[in-house]
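Using the sequences plus the hints, can you model the full thing?
Spelled out, the chains give:
2 protein chains.
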Amino acid sequence: MSGFTLTNLKEEVEDSAVKFGLSPDLESHFAREALETDQLGVSYQRLAPNFRAPFGHRHGQQEEIYVVLGGGGRAKLEDEIVELKPLDALRVAPETTRQFEAGPEGLELLAFGGGAGGLQDAEVVDGWWADE
Amino acid sequence: MSGFTLTNLKEEVEDSAVKFGLSPDLESHFAREALETDQLGVSYQRLAPNFRAPFGHRHGQQEEIYVVLGGGGRAKLEDEIVELKPLDALRVAPETTRQFEAGPEGLELLAFGGGAGGLQDAEVVDGWWADE
Numbered sequence: 003m004s005g006f007t008l009t010n011l012k013e014e015v016e017d018s019a020v021k022f023g024l025s026p027d028l029e030s031h032f033a034r035e036a037l038e039t040d041q042l043g044v045s046y047q048r049l050a051p052n053f054r055a056p057f058g059h060r061h062g063q064q065e066e067i068y069v070v071l072g073g074g075g076r077a078k079l080e081d082e083i084v085e086l087k088p089l090d091a092l093r094v095a096p097e098t099t100r101q102f103e104a105g106p107e108g109l110e111l112l113a114f115g116g117g118a119g120g121l122q123d124a125e126v127v128d129g130w131w132a133d134e
Numbered sequence: 003m004s005g006f007t008l009t010n011l012k013e014e015v016e017d018s019a020v021k022f023g024l025s026p027d028l029e030s031h032f033a034r035e036a037l038e039t040d041q042l043g044v045s046y047q048r049l050a051p052n053f054r055a056p057f058g059h060r061h062g063q064q065e066e067i068y069v070v071l072g073g074g075g076r077a078k079l080e081d082e083i084v085e086l087k088p089l090d091a092l093r094v095a096p097e098t099t100r101q102f103e104a105g106p107e108g109l110e111l112l113a114f115g116g117g118a119g120g121l122q123d124a125e126v127v128d129g130w131w132a133d134e
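Chains A and B are the protein sequences, given in the same order. For any residue, its number in this note's numbering is found by taking its place in the first sequence, counting from 1, and adding 2. For any residue, its number in this note's numbering is found by taking its place in the second sequence, counting from 1, and adding 2.
It is worth saying that the hints were derived from the structure and are not from the lab. Values in this document were obtained by computation on a predicted structure and should not be read as measured data. Check before you lean on any hint, since a few could be wrong.
Copies of the same chain look alike in the list, so a pair counts if it fits in one copy or across any two.
[To be verified] List time: in silico EDC-like cross-link candidates among lysine to aspartate or glutamate, alpha-carbon distance up to 20 Å:
#, residue 1, residue 2
1, K87, E16
2, K12, E29
3, K12, E35
4, K12, E38
5, K78, D17
6, K12, D81
7, K21, D128
What follows is the structure, given as structure tokens:
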């Protein structure tokens, strides 16, 4: 493996939300493959103003850190809801179900995962954040 | 360990550059402890306009990903120099020595590390980027 890999999350990494029919409410660029990572995954996520992600998810083994880049919104973590603002960092344990929604300015964030991970470690939880 | 931890990288996590005498040219908030992470580390770094970090570093085991949040600049990776712009993501292998410098707008970035890591896994390389 080479010593480094450089890519642009927004311009060079595919937006997976397009093929899942979630564009333009959601933008999701998963860069694990583009970056040829060995230990880590990173993705760039953008939720349109007032959009709530259509599902929650949890992991088998992968701890994740989310960092808010712009806008704001909320995250639901099991039975708690937290407010998010720029440069907030949120660590989420693997087994904790989490789901995001954007505030009126939209929500732009990075998601990082370590250890055994990737999408195959994730379990989608449909209809999990149904109420306010 | 609880299911999640929320902190603000800039407002709630100590700026280590102050105690190392590198403020205000550099701002460095290392959040591994504040986030009580199990597998990951994250830090927020801001270099003042045209400031070059005073040392390079490499790691024993920790792969890292840097994501540019704002401004721009350059990274020197062994004998290569790359230009950096917002939302560029840069994976760096543990043994690759890397050092950053800001362009005229400054350079704001996040650094993520996985696996066995933390500052005790890092080796500082003084005077490593001495020429242009």
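Identical-chain pair category, K12 with E38, by Cα at 20 Å: Only inside one copy: K12 and E38 sit 17 Å apart there, 29 Å across copies, limit 20 Å.
20 Å Cα threshold - placement of D128 relative to K21: Cα proximity of K21 and D128: one copy only (18 Å, versus 47 Å across).
Intra/inter-copy verdict for K78 and D17 if alpha-carbon distance must be at most 20 Å: For K78 and D17, the Cα distance exceeds 20 Å both inside one copy (24 Å) and across copies (29 Å).
Up to 20 Å CA-CA - E35 versus K12, copy category: within (14 Å within a copy, 30 Å between copies)
Status of D81 relative to K12 across identical chains (alpha carbons, at most 20 Å): Answer is neither; intra-copy 32 Å and inter-copy 27 Å both fail.
Status of E16 relative to K87 across identical chains (alpha carbons, at most 20 Å): between (26 Å within a copy, 18 Å between copies)
Status of E29 relative to K12 across identical chains (alpha carbons, at most 20 Å): within (9 Å within a copy, 26 Å between copies)
Hints 5, 6 from the earlier list are contradicted by this structure; the remaining hints agree with it.
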